[in-house]
Amino acid sequence: MTPARILAVDDTPFNRRLLVRLLEGIGHEAVEAGDGREALERLRDADAQPIDLVLLDIEMPEMNGHETLAAMKADERLREVPVIVVSSVDELDSVVRCIRAGAADYLPKTVDPEILRARIEASLAQKRLRDNERDLLATIERQRSQLARFLSPQVAALVSSADGEAMLAGHRREITAMFCDLRNFTGFSESAEPEEVLGFLRAYHATMGTLIVEHEATLEHFAGDGFMTFFNDPVLQPDHAARAIRLAVAMRQQFATLSADWRRRGHVLELGIGIATGYATLGRIGFEGRYDYGAIGSAIILASRLSGEAAPGEILVAARTFAEAEGDAVIVAESGGDRTLKGFSRPVPTYLVVGLGEAAGDLGSAVEGVSR
Amino acid sequence: MTLDAEAMARLLEITGGDQAFIDELVDTFVDDARTQIEGLRAAASSGDTEAVVRPAHSLKSNAQNVGATLLAELSRSLEADARAGAIPDLTARIDAVEMEFGAVSAALRADRTRD
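As you go down the protein sequences, you meet chains R and A in turn.
All residue numbers for the first sequence refer to the working numbering, where the first residue is 134 and numbers rise by one.
All residue numbers for the second sequence refer to the working numbering, where the first residue is 39 and numbers rise by one.
Calculated from the structure, these hints are not laboratory results.
Zero decoy hints are in this set.
Rough simulated footprint, nothing fancy, chain R against chain A, three-plus residues with beta-carbon under 8 Å:
no., region
1, 39-52
2, 61-70
3, 86-96
Beta carbons are placed, not taken as given, at the ideal position from N, Cα and C, and that holds for glycine.
Excised from the complex, chain R in its bound form (with noise of 0.2 Å):
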């Protein structure tokens, strides 16, 4: 048995001597209290050693038992403090009381060694479980908040979730990919000075991780200057297409704003942006030791052709995506045309988002220009 610090409390000088010298009997060091007032005083100085358990008598004058019990439960360090409240007979009503109010247990006065022992350890070891517990809780958390910081925020929840390690293993669903990167940022890396290029980059990636965020896509990777995005997955969004298309027209509108900045500095950067929709294979991809939940599938390669395809500042969508996406949101877009892409068998056809509509619902998507 581990000695524990244990805080008698007791009014009465006879119950409080008596329950010293047992105490010290069984092998714990005793530390005694008058009252509930002094008991408190005691329990709350952060200079004192800290105690272990308390043994608490109920009639006391200054401050009583269960007025003890209530601010050591209403206190956030003196919540957790196992008390065993010390009762005579003719007061089982107060320990009923007692107990409900949060008492670890009840021993009867003139206690016998033997009980007084196996109650204090039964107290302690309950109070060790729920530390470890607790503990165990607080890392648990802190792995989950440091992993979201190195993973997207749903595939850091997917991680800790109970149907995680299914999903991780792999599964298929309909996702809505985007890629987009810099037009001319070779060129730009080349002119400028490197704190230029890093002080760009980390602008970028601020602006763009904040967008991606908000509008709660999976961000699959990003390298340099570009990034892969994905949407309906691990967290399904049946409006993925219109989802994708509006985080894309975000991205465009904000990085007007930082790259107006530094065009007037001399160095013109632009973004290309490409959407697609289909099949896809989800999960964890790598070898031991670097993982990444990772997209398999040829509308993830059909975005990252398109986004190469897009000239500087457009957003480049495959027709399913406009298709699916038409019912979630009001778009403004022309014909793209049909692109003959690297891999891809046959022409495919595209749209050119301008922006979206003003009102939602009952308009439909706006198409402008040449063939549909």
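With chain R fixed as given, assemble chain A onto it according to the hints.
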């Protein structure tokens, strides 16, 4: 005078037969009981019924501890009446408490010299 010898025997047993400690405990009981009886007297002379509760309660639990069953009972009824708000014959009952206490403390100390 009533003194339940089993109570003292039990105290001796749970303290591992430490007679010196029991002697100390008896001294603590005697000193404390005197303080409580003074408290009862003070409450009686000021006519403060409520002020009887605490010393009567302490005296009761002390008396139970050493097996002074009559003293415990006298104190218990004082405490109960005080809580109810009216104590008939207060002075006479405190006299009875004091007399019983005198007999109990003498007996407890006699036990000590006999051992």
